[in-house]
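> Spelled out from the first residue to the last, the chains are:
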Amino acid sequence: MATLTIDGRRVEAPAGTFLLQACRQAGVSVPTLCDHPAVEPYGGCRLCVVDVTRPEWDGWRKMVVSCLYPVEDGLIVDTRSDRVIETRRVVLDLLLARSPRTPLIQRLAREYGIERTSYEPNPEPTDCILCGLCVRICDRLGHSAIGTADRGAGRVVAPPFHEPPEACVGCLACAEICPTGFIRFESGPDRRRIWNRDFEMVRCPRCGRAHVTKAQAAWYARRMGWPEAEFEVCDSCRRRDMAATTVRLGEGPTGNAAS
Amino acid sequence: MDRIYRVTPQSCIACGKCELACSFAHGSDGRPAQSRIHIFRRGPEAGTPVVCLQCDDAACLAVCPVGALSWNLRTGAIEVSQETCIRCRMCVVACPFGNMHWDEGRHEVAKCDLCGGDPRCVPFCPTGALAWLTPAAAVRPAEPTATRDGLPGDR
Chain P
23 MATLTIDGRR VEAPAGTFLL QACRQAGVSV PTLCDHPAVE PYGGCRLCVV
73 DVTRPEWDGW RKMVVSCLYP VEDGLIVDTR SDRVIETRRV VLDLLLARSP
123 RTPLIQRLAR EYGIERTSYE PNPEPTDCIL CGLCVRICDR LGHSAIGTAD
173 RGAGRVVAPP FHEPPEACVG CLACAEICPT GFIRFESGPD RRRIWNRDFE
223 MVRCPRCGRA HVTKAQAAWY ARRMGWPEAE FEVCDSCRRR DMAATTVRLG
273 EGPTGNAAS
Chain U
8 MDRIYRVTPQ SCIACGKCEL ACSFAHGSDG RPAQSRIHIF RRGPEAGTPV
58 VCLQCDDAAC LAVCPVGALS WNLRTGAIEV SQETCIRCRM CVVACPFGNM
108 HWDEGRHEVA KCDLCGGDPR CVPFCPTGAL AWLTPAAAVR PAEPTATRDG
158 LPGDR
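Line order of the protein sequences matches chains P and U. When you read off a place in the first sequence, starting at 1, and then add 22, the result is the number in our numbering. When you read off a place in the second sequence, starting at 1, and then add 7, the result is the number in our numbering.
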């Protein structure tokens, strides 16, 4: 355990955790865009900056991204200092210039008093804020089907060579985790389409409902070491099966095995 | 874990009150389709409740790639952390009993969480088919066993 001070309050935090968690545990809200409990901290959005100092630093302070700064005994954290707020404003101002039409960014910017960006707005507005959540979650799932391509202002999230990604299974985790809804997909009874790749769907043999892609079923089977057929039946038909099994057991020799 | 959730399908009269209680407990609109317990009718006034078994070796918990599912050791339920969940729905596909649901309206996975230790379906069950009991009370009385005169049914 480390004892630190956050906005004037003494807080205990488990060693090895980061400042952001300690702040949130203490009830101090810190804005973030690239943080998600399912993936490792990334330090991409720079919104979670805080000021840190120690008594022996003689008033010297430094600004750190709280999601990547480990908790330390005796650390004094200020999440609301003028320069912290100013830094967040600059970050949001730049993000608003990049993505002027994105509701999430507009809302956050407004919270910091920015209605319109002071920079030249992006002539080609994009919803992608390069938080990297989609890339990291795809990595975490073990597919690594997408990554960032190119550098600087031209940096984008894309599959390798901007071609339909072979490693993708169409699980839609990237689209689900995207905070701005930038990743588009289509999912229908026959086909699913994401990253310009078409996926064939598995249909439940009982009710005909399409619930996963064939690539997804194959991946689940590999991951679990189960036969692929295990993933064909949809969840509502499985419940029906469970009810039927319960009834069958209840009709058995003792009559109470069903419970 | 000081209580056990007991289901007695023989006592179920398929009234559907548990489904309503469940959907109200986990939302405001009370649509039985959102319920985490399902009654399958097997005749007039006879149903089979199907609800999460909170498996010891749970497939949902094993497949979750981000550790969003965990045991609540106090209640004995497997719970979903919606903050950590990435909505990949692998648990929905993995549960062999179909007891992990996808709630399209709320856009999240849903499972029986025993309402944090006070299952709301239980007080609404009129026949005691659903019960929330201490381990001692949950034990069924032993079946009558054979005696010198033969099996109980012989007499």
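Everything labelled a hint here was simulated from the structure, so no lab data went into it. For each residue, glycine too, the CB sits at the ideal point set by N, CA and C. Take the hints with a grain of salt, since some may be wrong.
Incomplete in silico selection of chain U near chain P, CB under 8 Å [to be verified]:
(1) PRO51
(2) VAL57
(3) VAL73
(4) ALA75
(5) TRP78
(6) ARG81
(7) VAL87
(8) GLN89
(9) THR91
(10) ILE93
(11) MET97
(12) VAL99
(13) VAL100
(14) ALA138
(15) TRP139
(16) LEU140
With beta-carbon atoms standing in for the labels, derived distance ranges [to be verified]:
(17) U/MET8 / P/GLU252: 25 to 31 Å
(18) P/THR148 / U/PRO51: 43 to 49 Å
(19) P/GLY49 / U/PRO51: 19 to 25 Å
List time: in silico SDA-like cross-link candidates among lysine to any residue, alpha-carbon distance up to 25 Å [what the hints assert, rightly or not]:
(20) U/LYS24 / U/PHE47
(21) P/LYS236 / U/ARG48
(22) P/LYS236 / U/PRO103
(23) U/LYS24 / U/ARG48
(24) U/LYS24 / P/MET23
(25) U/LYS24 / P/GLY81
(26) P/LYS236 / P/VAL106
(27) P/LYS236 / U/TRP109
(28) P/LYS236 / P/GLY272
(29) P/LYS236 / U/PHE47
(30) U/LYS24 / P/VAL157
(31) U/LYS24 / P/ILE205
(32) U/LYS24 / U/ALA66
(33) U/LYS24 / P/ALA266
(34) P/LYS236 / U/ASP110
(35) P/LYS236 / U/ALA117
(36) P/LYS84 / P/VAL157
(37) U/LYS24 / P/TYR134
(38) U/LYS24 / P/ASP263
(39) P/LYS236 / U/ALA66
(40) P/LYS236 / U/GLU52
> None of the hints should be skipped; say for each whether it holds.
For each hint, the structure was consulted:
A distance limit of 8 Å between C-beta atoms decides the matter here; for U/PRO51 the minimum to chain P is near 15 Å, and the interface restraint is violated. Interface restraint check for U/VAL57: the shortest CB-CB distance to chain P comes to about 5 Å, inside 8 Å, so the restraint holds. With its C-beta approaching chain P no nearer than about 4 Å, U/VAL73 sits inside the 8 Å limit, and its interface hint holds. Taking 8 Å as the C-beta contact cut-off toward chain P, the hint placing U/ALA75 at the interface holds, the least distance being around 7 Å.
For U/TRP78, the shortest C-beta to C-beta distance to chain P is roughly 17 Å, which exceeds 8 Å, and the interface hint is violated. Because the closest C-beta pair between U/ARG81 and chain P is about 20 Å apart, greater than 8 Å, the hint is violated. For the restraint placing U/VAL87 at the interface with chain P, the shortest Cβ-Cβ distance is roughly 12 Å, beyond the 8 Å limit, so the hint is violated. A distance limit of 8 Å between C-beta atoms decides the matter here; for U/GLN89 the minimum to chain P is near 10 Å, and the interface restraint is violated.
Here the hint on U/THR91 is kept, as its CB sits about 4 Å from the closest CB of chain P, short of 8 Å. Nearest Cβ of chain P to the Cβ of U/ILE93: about 5 Å, under the 8 Å cut. The hint holds. For U/MET97, the suggested interface contact is upheld, since its CB lies about 7 Å from the closest CB of chain P, less than 8 Å. Of the supplied interface hints, the one on U/VAL99 holds, with its beta-carbon coming within about 5 Å of a beta-carbon of chain P, less than 8 Å.
The interface hint given for U/VAL100 is met, as the beta carbon of that residue sits about 5 Å from the closest beta carbon of chain P, less than 8 Å. Given hint, U/ALA138 at the interface with chain P, is violated; its Cβ is 10 Å from that chain's nearest Cβ, farther than 8 Å. At a threshold of 8 Å, the smallest CB-CB gap from U/TRP139 to chain P is about 14 Å, leaving the interface hint violated. The interface hint given for U/LEU140 is broken, as the beta carbon of that residue sits about 12 Å from the closest beta carbon of chain P, more than 8 Å.
Under the hint 25 to 31 Å, the C-beta atoms of U/MET8 and P/GLU252, about 30 Å apart, fit the expected range. As the Cβ distance of P/THR148 to U/PRO51 is approximately 60 Å, the hint placing it in 43 to 49 Å is violated. Here the CB-CB span from P/GLY49 to U/PRO51 is close to 55 Å, at odds with the stated 19 to 25 Å. The hinted pair formed by U/LYS24 and U/PHE47 meets the criterion: a straight-line CA distance of about 13 Å does not exceed 25 Å.
Distance check on the hinted pair: P/LYS236 and U/ARG48 sit about 32 Å apart at the alpha-carbon level, beyond 25 Å; violated. For the proposed pair P/LYS236 and U/PRO103, the alpha carbon gap of about 18 Å is at most 25 Å, so the pair holds. Distance check on the hinted pair: U/LYS24 and U/ARG48 sit about 14 Å apart at the alpha-carbon level, within 25 Å; holds. With a C-alpha separation of about 48 Å, the suggested pair U/LYS24 and P/MET23 falls outside the 25 Å cut-off, and the hint is violated.
Our distance criterion of 25 Å between C-alpha atoms is broken by U/LYS24 and P/GLY81, whose separation comes to about 64 Å. Taking the CA atoms of P/LYS236 and P/VAL106, the gap is near 48 Å; set against the 25 Å cutoff, the hint is violated. Distance restraint check for P/LYS236 and U/TRP109: the Cα-Cα separation of roughly 19 Å lies within the 25 Å cut-off, and the hinted pair is therefore satisfied. At roughly 36 Å between alpha-carbon atoms, P/LYS236 and P/GLY272 are farther apart than 25 Å, so this suggested pair is violated.
Only pairs whose Cα atoms come within 25 Å are accepted, and P/LYS236 paired with U/PHE47 is rejected, the gap being roughly 29 Å. Restraint check: the Cα-Cα separation between U/LYS24 and P/VAL157 comes to about 45 Å, which exceeds 25 Å; the hinted pair is violated. Proposed proximity of U/LYS24 and P/ILE205 is contradicted: the alpha carbons are some 41 Å apart, above 25 Å. For a cut-off of 25 Å, the pair hint linking U/LYS24 to U/ALA66 is broken: about 29 Å separates their Cα positions.
Distance restraint check for U/LYS24 and P/ALA266: the Cα-Cα separation of roughly 21 Å lies within the 25 Å cut-off, and the hinted pair is therefore satisfied. Of the pairs offered as hints, the one joining P/LYS236 and U/ASP110 holds, with about 22 Å between alpha carbons and a cut-off of 25 Å not exceeded. This hinted pair checks out: P/LYS236 and U/ALA117 have alpha carbons roughly 24 Å apart, not beyond 25 Å. Taking the CA atoms of P/LYS84 and P/VAL157, the gap is near 30 Å; set against the 25 Å cutoff, the hint is violated.
At roughly 48 Å between alpha-carbon atoms, U/LYS24 and P/TYR134 are farther apart than 25 Å, so this suggested pair is violated. Straight-line distance between C-alpha atoms of U/LYS24 and P/ASP263 comes to about 22 Å, which keeps the hinted pair within the 25 Å bound. Our distance criterion of 25 Å between C-alpha atoms is met by P/LYS236 and U/ALA66, whose separation comes to about 20 Å. For the suggested pair P/LYS236 and U/GLU52, the alpha carbons sit about 40 Å apart, so the restraint of at most 25 Å is broken.
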